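Asks: Sequence:
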Amino acid sequence: MRKFIVLLFCVLIYSFTLCGCMDKIEAEDRGYVITMGVDKGVENKYEFSFVTASLSDKGAGTSGGDIIKVSGDSILEAINKGDSYTNKLLYLGQLKNVVFSKSIVEDYQLFFNVLSQLESNRDVSVKTVILGTESKSQDLISIISENELSSGVYIYDFYKNSAEKTSFTEKTELESLMIDLRQNKSVVLPLISFDDNDLKIGGGLLTGEKGFKGVISEDYIMSGIWLKNKAEGAVIVNSNGDTLSVIDNYCKYDFNEKNGYITCNIDIEARGSIDGLYSSEEIESMEKDFENMIEDNILKYIDFLKYECMEDPLGFSNRLKKHNKDLYYKYGEEKSFYSMNFNIDCDLKIKSTGMGG
100 MRKFIVLLFC VLIYSFTLCG CMDKIEAEDR GYVITMGVDK GVENKYEFSF
150 VTASLSDKGA GTSGGDIIKV SGDSILEAIN KGDSYTNKLL YLGQLKNVVF
200 SKSIVEDYQL FFNVLSQLES NRDVSVKTVI LGTESKSQDL ISIISENELS
250 SGVYIYDFYK NSAEKTSFTE KTELESLMID LRQNKSVVLP LISFDDNDLK
300 IGGGLLTGEK GFKGVISEDY IMSGIWLKNK AEGAVIVNSN GDTLSVIDNY
350 CKYDFNEKNG YITCNIDIEA RGSIDGLYSS EEIESMEKDF ENMIEDNILK
400 YIDFLKYECM EDPLGFSNRL KKHNKDLYYK YGEEKSFYSM NFNIDCDLKI
450 KSTGMGG
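Note that the working numbering has the sequence shown beginning at 100, numbered continuously upward.
No farther apart than 16 Å at their CA atoms in a straight line, the calculated lysine to aspartate or glutamate pairs in the EDC-like style are these: (1) Lys309 <-> Asp206; (2) Lys329 <-> Asp366; (3) Lys448 <-> Asp341; (4) Lys284 <-> Glu432; (5) Lys448 <-> Asp347; (6) Lys351 <-> Asp444.
With beta-carbon atoms standing in for the labels, derived distance ranges: (7) Gly431 <-> Thr185: 50 to 58 Å; (8) Lys351 <-> Val141: 45 to 53 Å; (9) Asn296 <-> Lys450: 34 to 42 Å; (10) Ser224 <-> Lys144: 20 to 28 Å; (11) Tyr184 <-> Lys351: 48 to 56 Å; (12) Ser384 <-> Lys329: 24 to 32 Å; (13) Gly453 <-> Ile278: 36 to 44 Å.
Keep in mind that the hints were calculated from the coordinates and are not lab data. Predicted model only: the values in this text are computed from it and were never measured. Heads up, the beta-carbon is just placed ideally off N, CA and C, and yes, glycines get one too.
Can you make the complete structure from the sequences, with help from the hints?
Replies: Here is the structure:
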């Protein structure tokens, strides 16, 4: 029995040693894909751009790599082609972000197919950031890579390191995107661009089962951020040039029926700060001004979605279902949002930091 235990122990140690060697060999042979771009090619094929990063002492994705451009009917086919073009095996386990061109987002089926492939790939993290661009994604990431890979800064870190540039955008990850598509049948994809040697994320592309609906402005995106209780850290400016830094916000929703319509009452409580010394009267005036601006922008965005886009990416129908199932089933999934009238009441409290410019 003792001999058997000793033999088993030796076999296990040998196996662990072999596995460690194999892991090392695999790591050295892999091409770690950090960013993936997706464009529409000919005959409904995809054009994929894989931005790879070499393995360093700090881990994958910290030093410069290559951009591999291939076409194919699927991600798997593109990766297999990419493997044959390089001496590395392309690996999506370190994928940080995927950039879709407007041409792909305009074709919802092609767009959704790639998302489904990403979702079903066990190597791809559900936290992968999803973005859209009005230009070709391969052109965009080529320009960004020339700047990013040399400095070690990736799009994934942009949200953390550039808060002042991301006030009018919402970080969209693969998991949350797929949930929104399945629940709300539509989604707004954050727009990324690179102009004047500066990376910018703002605005969005609205698409869904009914097709592509267009480009969403930054003001409209900000309205959606208010309604999702995600305005913390945002910086907004009113018509007088006053700059408000949002500390936090909370929305309360209430639904009832009147005269054959559903009324959605939205109460927004928010706190913010403004640099400078102001009297209580001046603070009250600014609070009212910002409140009116927030309320007006939200109502304009809802009307835009309701009458021009005929989409509900903010999920009002789904929210109604959670709050009042009887009303939801009375009007039905397709008609609930379009049968709603909205009342927005914003209560903003501003504090002065006493630090004027």
